[in-house]
Amino acid sequence: MLSNLVNKYNIAGPRYTSYPTVPYWNNETFSLEKWKSSLVTSFKESNSKEGISLYIHLPFCESLCTFCGCNKRITKQHSVESPYIKAVLKEWHLYLDLFDEKPIIKEMHLGGGTPTFFSPDNLKLLINGILKDAVVAENYEFSFEGHPNNTTREHLQALYDVGFRRVSYGVQDYNETVQKAIHRIQPFENVKRATDLAREIGYTSVGHDIIFGLPFQTLEHVNETILKTKALLPDRLAFYSYAHVPWIKGNGQRGFKDTDLPSAELKREQYEMGKELLAEVGYHEIGMDHFALTTDSLYTSMQSGSLHRNFMGYTASKTQAMVGLGVSSISDSWYGFAQNVKRIEDYYELLKENKIPVYRGHILNEEDLIIRKHILNLMCQFKTTWTQDQLYFKELPETLLQLKEMEADGLLIINRNSIEVTKAGQPFVRNICMAFDVLLQRKQPDVQLFSMTV
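The numbering of the sequence shown is my numbering, which starts it at 1 and goes up by one.
Errors might be hidden in some of the hints.
Said to hold, decoys possible - Pair ranges (Cβ atoms, derived):
1) I185 <-> H78: 17 to 27 Å
2) Q402 <-> D121: 46 to 56 Å
3) N415 <-> T41: 31 to 41 Å
4) R193 <-> H78: 15 to 25 Å
5) A231 <-> H183: 22 to 32 Å
6) E176 <-> E28: 45 to 55 Å
7) I74 <-> D389: 51 to 61 Å
8) E28 <-> D97: 26 to 36 Å
9) S263 <-> D100: 53 to 63 Å
These are calculated hints, taken from the structure and not from any lab test.
Source: prediction; values computed, not measured.
No residue lacks a Cβ here, since even glycine has one placed at the ideal position from N, Cα and C.
Working from the sequences, and respecting the hints, build out all of it.
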């Protein structure tokens with residue numbers, strides 16, 4: 001039965017870290033001034049109540065991982081650190097000039113690239129520069145992505161000293177054949193050392209990222225990786241499907257052929273087996289592709305209904321405004337999205353001109369906001385509701401007609417004014433969201449834009 005559903009629903013589709021999804025942003029109606037206005041409105045509405053989130057993109061890596069679809073710059077020259085930090089702080093001050101009071105920072109995340117490419121002193125310099133003109137919220141959460149091979153005690157201590165309590169390590173897979181294919185040679189001992197160090201220093205949440213569906217990866221490889229992960233018992237896990245998007249410019253996805261990738265059926269087997277092994281030691285599935293122990297904030301946020309999803313993935317709390325700093329970062333005011341330029345040289349040039357380095361975005365209309373709420377509800381709570389007055393949209397009848405077939409397949413239950421995703425339907429939540437995605441329904445892409453849903 002599962003195999004039949006996988007074959008039927010394994011199609012290209014968004015991961016829904018935003019709605020509208022980036023390929024459907026309307027750049028013709030977007031402008032930097034509209035973006036700034038939407039952010040100012042959002043800041044005034046929400047800063048004193050819930051604070052804001054910050055995402056800082058640190059793009060440098062010393063070597064290329066061939067599974068990675070992120071924006072990065074490969075270099076061994078660490079002289080790039082200081083100019084980049086100065087540029088990020090300048091961008092932050094351009095945003096501060098828009099606000100009429102100090103921002104209250106609820107969440108901050110350092111992503112990459114490889115944040116631990118930067119020296120501990122430079123990371124501390126960056127964070128102190130950000131916090132100098134801001135207030136830290138009472139229940140804040142600061143996190144960063146660490147590479148197990150180069151995250152030192154000094155890195156962990158420096159970031160702990162400026163408020164970081166959560167770190168996630170990219171593990172991917174422990175098998176040497178798989179590691180060679182994705183150019184990420186990383187022994188278990190390195191992950192154990194980095195995990196133990198974080199706990200010794202006082203980090204309250206250590207996460208691991210594991211990927212299934214990688215080149216040459218078998219069920220045995222995933223089993224071995226999960227067993228080793230269970231031995232370290234990270235507080236939370238991202239256990240997600242490899243997104244094969246080699247057509248994206250600048251992508252590192254090369255060094256292996258499409259035929260080296262597991263089939264859709266095998267990928268689903270890898271996930272289901274991993275999920276069972278994780279459940280045996282107390283992990284709970286959170287939203288899509290995430291797991292946490294009951295002591296982790298991601299689990300408690302799911303229980304309380306405050307789980308949120310944005311460009312940083314799943315987060316334990318929602319802020320209406322999220323400012324993205326650094327090349328290619330995406331900001332979210334709830335009413336609009338804005339993405340920074342992707343080339344470091346262009347980023348520096350625009351900042352020299354005292355311009356916020358945005359090159360595209362989208363201002364949400366009333367319909368966008370309604371659909372966005374439905375998709376967030378589905379991704380975070382596996383259910384959504386509407387009435388004639390609340391969250392109704394004109395194409396809802398067509399959406400429900402599409403969902404009828406999924407209901408017949410046991411993926412969801414359609415009620416009078418709501419739908420609920422079943423346990424069997426949770427692996428297909430992206431497909432369910434696609435039925436609500438009116439922009440996608442109105443204009444199917446001519447070329448493949450998204451990774452496969454299974």
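We went through each hint and held it up to the structure:
1. The hinted window of 17 to 27 Å between I185 and H78 holds, with their beta carbons roughly 21 Å apart.
2. Taken as a hint, the range 46 to 56 Å holds for the pair Q402 and D121, whose Cβ atoms sit roughly 54 Å apart.
3. The beta-carbon spacing between N415 and T41, approximately 35 Å, falls within the hinted interval of 31 to 41 Å.
4. Taken as a hint, the range 15 to 25 Å holds for the pair R193 and H78, whose Cβ atoms sit roughly 22 Å apart.
5. At roughly 25 Å, the beta-carbon separation of A231 and H183 lies within the given 22 to 32 Å, and the hint holds.
6. For E176 and E28, the hinted distance range of 45 to 55 Å is satisfied, since their beta carbons lie about 49 Å from each other.
7. Against the hinted window of 51 to 61 Å, the Cβ-Cβ separation of I74 and D389 comes to about 53 Å, which satisfies the hint.
8. E28 and D97 have their C-beta atoms about 27 Å apart, which keeps the hinted 26 to 36 Å range intact.
9. Separated by about 56 Å at the C-beta atoms, S263 and D100 satisfy the suggested range of 53 to 63 Å.
The earlier numbered hints are all upheld by this structure, with none contradicted.
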